[in-house]
Amino acid sequence: MSMPRPKRFSMIREFHLADWFTLGNAVCGVGALFSSMSYLETHNVLHIYFACGLVLAALVFDVLDGRIARWRQKSSAMGRELDSLADVISFGVAPAIIAYGCGMQGLYDRIVLAYFVACGVSRLARYNVTAEQLSGDDGKVRYFEGTPIPTSIVLVAVLAL
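Just so you know, the numbering used here puts 37 at position 37 of the sequence shown, and the rest follows in order with no gaps.
Just so you know, these hints were derived from the structure itself, not from any lab. Note that CB positions come from ideal geometry on N, CA and C, so glycine has one too. One or more of the hints may lead you astray.
Beta-carbon label-pair distances, calculated as ranges [to be verified]:
hint: 1; residue 1: A77; residue 2: Y108; range: 35 to 43 Å
hint: 2; residue 1: T147; residue 2: E41; range: 26 to 34 Å
hint: 3; residue 1: Y49; residue 2: Q73; range: 34 to 42 Å
20 Å max Cα-Cα, derived SDA-like pairs, lysine to any residue [as the list claims (entries may be wrong)]:
hint: 4; residue 1: K74; residue 2: F15
hint: 5; residue 1: K7; residue 2: G79
hint: 6; residue 1: K74; residue 2: S38
hint: 7; residue 1: K7; residue 2: V63
hint: 8; residue 1: K74; residue 2: E14
hint: 9; residue 1: K74; residue 2: S84
hint: 10; residue 1: K74; residue 2: F61
hint: 11; residue 1: K74; residue 2: N128
hint: 12; residue 1: K7; residue 2: S76
hint: 13; residue 1: K74; residue 2: I89
hint: 14; residue 1: K7; residue 2: A77
hint: 15; residue 1: K74; residue 2: V154
Model the full assembly from the supplied sequences, consistent with the hints where possible.
In structure tokens:
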């Protein structure tokens with residue numbers, strides 16, 4: 001007697017409502033990158049303000065995706081990974097590129113910005129590894145170790161001033 005084959009992974013079947021909000025986070029982050037590049041090309045400061053606004057919109061999506069997942073009691077390993085990848089774009093890479101656009105373009109500036117992104121990526125990787133151990137019965141992490149990467153929005157706010 002043969003064993004039934006496991007179901008193939010289907011992205012459509014595995015996608016939940018919260019995942020669409022997570023994708024909104026990622027799209028806002030990528031939009032911030034494009035807007036920052038437009039600023040470098042045109043020197044129209046509105047592009048930088050728009051990039052900063054998109055990072056703020058990414059934060060809204062980031063907050064909502066977690067709330068929706070808990071409200072609907074639908075979370076998945078893919079959703080957690082998707083959330084971390086979106087956060088790297090929106091709160092790691094985008095603020096660094098905005099800072100680059102705002103003038104942090106020297107060698108030491110680039111080293112600092114690369115270090116900033118590396119710290120954000122490392123923090124999220126560590127979070128992903130320890131999240132299971134730190135989760136309560138509801139699946140929500142009881143406390144954070146270190147500073148969550150969305151706090152980089154403070155850097156974006158300073159740059160917008």
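Here's how the hints hold up against the structure:
no.: 1; hint: A77 - Y108: 35 to 43 Å; in the structure: 39 Å, holds
no.: 2; hint: T147 - E41: 26 to 34 Å; in the structure: 33 Å, holds
no.: 3; hint: Y49 - Q73: 34 to 42 Å; in the structure: 38 Å, holds
no.: 4; hint: K74 - F15; in the structure: 10 Å, holds
no.: 5; hint: K7 - G79; in the structure: 19 Å, holds
no.: 6; hint: K74 - S38; in the structure: 38 Å, violated
no.: 7; hint: K7 - V63; in the structure: 32 Å, violated
no.: 8; hint: K74 - E14; in the structure: 10 Å, holds
no.: 9; hint: K74 - S84; in the structure: 17 Å, holds
no.: 10; hint: K74 - F61; in the structure: 17 Å, holds
no.: 11; hint: K74 - N128; in the structure: 18 Å, holds
no.: 12; hint: K7 - S76; in the structure: 16 Å, holds
no.: 13; hint: K74 - I89; in the structure: 24 Å, violated
no.: 14; hint: K7 - A77; in the structure: 16 Å, holds
no.: 15; hint: K74 - V154; in the structure: 30 Å, violated
Checked against the numbered hints above, the structure violates hints 6, 7, 13 and 15; every other hint is satisfied.
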